[in-house]
Structures are given as C-alpha cells and as structure tokens.
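*Asks:* Residue strings, one per chain:
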Amino acid sequence: MDSIQSSDFSIVTDETAAQPLVTLTGTGDAAVAQPLDDYLVRLHEQLRSRKSASVLVDVTQLEFMNSSCIKAFASWIHDVDTSDTPYSVRLRFNPGLRWQKRTLDTLTRLAPRTVQLEEAAS
Amino acid sequence: MSQLLEGAPAPETIAHARVSMALSPPASFVKSVISWLTHLSQLTIQDRDMASRVRIAVAELTENVIKYGRTGSQRVDIVLEQRRGQLYLRIETTNSAPERDIGRAVELLSQLRDSVDPIAYYDQLILSVAPTHEPGVSGLGLARIRAEGELELDFRVQGDVLTIFVETPIGAQQAA
Numbered sequence: 004m005d006s007i008q009s010s011d012f013s014i015v016t017d018e019t020a021a022q023p024l025v026t027l028t029g030t031g032d033a034a035v036a037q038p039l040d041d042y043l044v045r046l047h048e049q050l051r052s053r054k055s056a057s058v059l060v061d062v063t064q065l066e067f068m069n070s071s072c073i074k075a076f077a078s079w080i081h082d083v084d085t086s087d088t089p090y091s092v093r094l095r096f097n098p099g100l101r102w103q104k105r106t107l108d109t110l111t112r113l114a115p116r117t118v119q120l121e122e123a124a125s
Numbered sequence: 623m624s625q626l627l628e629g630a631p632a633p634e635t636i637a638h639a640r641v642s643m644a645l646s647p648p649a650s651f652v653k654s655v656i657s658w659l660t661h662l663s664q665l666t667i668q669d670r671d672m673a674s675r676v677r678i679a680v681a682e683l684t685e686n687v688i689k690y691g692r693t694g695s696q697r698v699d700i701v702l703e704q705r706r707g708q709l710y711l712r713i714e715t716t717n718s719a720p721e722r723d724i725g726r727a728v729e730l731l732s733q734l735r736d737s738v739d740p741i742a743y744y745d746q747l748i749l750s751v752a753p754t755h756e757p758g759v760s761g762l763g764l765a766r767i768r769a770e771g772e773l774e775l776d777f778r779v780q781g782d783v784l785t786i787f788v789e790t791p792i793g794a795q796q797a798a
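Protein sequences, first through last, are from chains D and B. Mapping of the first sequence onto the working numbering: position 68 corresponds to residue 71, and the numbering continues sequentially without gaps. Mapping of the second sequence onto the working numbering: position 44 corresponds to residue 666, and the numbering continues sequentially without gaps.
Just so you know, the hints here were simulated from the structure itself, not pulled from any lab data. It is possible that part of the hints are untrue.
With the Cβ distance kept under 8 Å, some of the chain D side facing chain B (calculated, not the full set) [as the list claims (entries may be wrong)]: (1) Asp32; (2) Ala33; (3) Asp40; (4) Ser70; (5) Ala77; (6) Ser78.
Glycine residues also receive a C-beta, built at the ideal position from the N, C-alpha and C atoms.
Kindly generate the complete structure, drawing on both the sequences and the hints.
*Replies:* Below, the structure written as structure tokens:
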C-alpha cells in the first residue's frame, strides 16, 4: 500500500503488524482532501481483499483536519459500514489536541458498530 | 441587521486584523493565512478548548471564502471588541458570488443559524454526503463551526456580497 508524503501532511501504512496501522501526521487541508479520499478508497479495497478484521488509524500527530478531509473519512466509513465484508475501524486520538475528540465523535456517530475511539496514553 | 448584533451596545474595537485576497491565492498562502489568523485569534484566549473551537471556525471560514468567493472579493476579518466590559472575538468573512450561489448559501446559513440542535443537523449532513466520493458544495465546514465549534453563526447579504460571521465571548476586559 503506497503512502502519501507532502511538506505538511503524510499518511504511512504499516502492514507488517498483525493489525494494519495507518498513521496520519501534519495538517489535513483542502489540498489534501482528494488524495486522502483516493487513498482511503484504495485502503478499503485492500482491507476487503485481505479480509482484515480491523484497522488502526493513528491521528495522534495530526495537527488539524478540515471538513473536506472529514468528508473523505465519512465516505470511507460509510463504505466500510455498508460493505459485505466489513471490518472495524479503530481511531487513536490525542486528547491534547482538543478538536480530535470532537471530530472523531462525529465519525463514531456515523457508524457506531464500525468505529471505535481509542485515547492515546499521554 | 443580523441576529448576533441585534440589541448589542456599540462595541469598542480593541484590535482588528484584515486579510484581503487580491488574486486566487495558492494553497501554501492559504495555509499561512489560516495559521497566522488562528494564532492571532488565539492570542487573548487562555482556555485550550475555546482555542480549539476558534481554530475550527478560522480554518473553515477562511477556506470557505476562498473556495466560493469571486476572485479578488474575498476578505477575512478578525476583530477583538469590548461591550459592557466583556471581550468578544469576532471572525468575519466577506465575498461576492453569483446570485445562484448566494441564494444557496443563504438557504444553508438560515437553516444552520436557526437549527435548535446543531449536532443533529451536522450528523444528518454528514450522513447525506457520506455515500458519495464526489467533492462539492456540502456545507459541512459551516455546520462544523456550529456543531463541533459550538459557536453561533450569522450572516448578512447586501446585493451580491455575502458576509458570514462568528462571535464568541472570550472573557472580561482586565483593568490596565
């Protein structure tokens, strides 16, 4: 699975762990939204084909994410939730970045049986 | 007059910063503007939760005005005002746009402003746009300001010019 790297934003995928790990860092702004959406579509296809049970998404180093990026996440979660081979999405957040809990709570309400939040140890 | 300003006493402006976009700004410039305006708006805010909510408003409103405003008409104002000894932070965006776009924005903004449950409104909006991967006008950014930002939002229209503003009390004015 390819990664995304730019000066202010990156997504790195670690498939060596028992549970796939996706780490987002930097700032998710308007310029990032489409690449992020494309990445999540590819990730979904890969996790489905591998019949993965879950994926861990670590956003603890994600400084900020705008609504266009939230939309990309919402579409991905919708795809997972309505898939014939669903998997669980665990979102690990940083309680020190106050916006994260608010935003991820929104995504949890979108698909409570699919999304779980996990607070990172401080 | 907008509902946010209605009945309010004349404010005393403590600080005022304005960014006007003369051309279609590159993404890197927009990023810098958001970062600078966020920093500026947070200078007087001690509460981290409030600072986080204001950041949401600054980022979403600035990206919104650049995305939908006519080139050269986009403006962002950050104003620190005092009324009755209380400090208020005001974030305001102004742009002109085609009549059709203004009409759609007014419809969305009216629903948002008048929504008694901003979180339910936001959730419903996300639910409605989630099934498509197409980018487009969704109103999520503005709805997010009310739901996640917990900030009141209002607007006014003069001809083809739309002004959207968010205002929040940020504490009492301290004696010098």
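*Asks:* Measuring from the C-beta of D:Ala33 to each C-beta in chain B, is the shortest one below 8 Å?
*Replies:* 5 Å, holds
*Asks:* With a cut-off of 8 Å, does the beta carbon of D:Asp40 approach a beta carbon of chain B closely enough for the hint to hold?
*Replies:* 6 Å, holds
*Asks:* With a cut-off of 8 Å, does the beta carbon of D:Ala77 approach a beta carbon of chain B closely enough for the hint to hold?
*Replies:* Status holds, d = 4 Å.
*Asks:* Let me know if the C-beta of D:Ser70 comes in closer than 8 Å to any C-beta of chain B, holds or violated.
*Replies:* Check passed: Cβ of D:Ser70 comes within 4 Å of chain B, closer than 8 Å.
*Asks:* For the restraint on D:Asp32, tell me whether the closest CB of chain B is nearer than 8 Å.
*Replies:* 6 Å, holds
*Asks:* Holds or violated: D:Ser78 as interface residue toward chain B, Cβ cutoff 8 Å?
*Replies:* 5 Å, holds
In this structure, none of the earlier numbered hints is contradicted; all agree with it.
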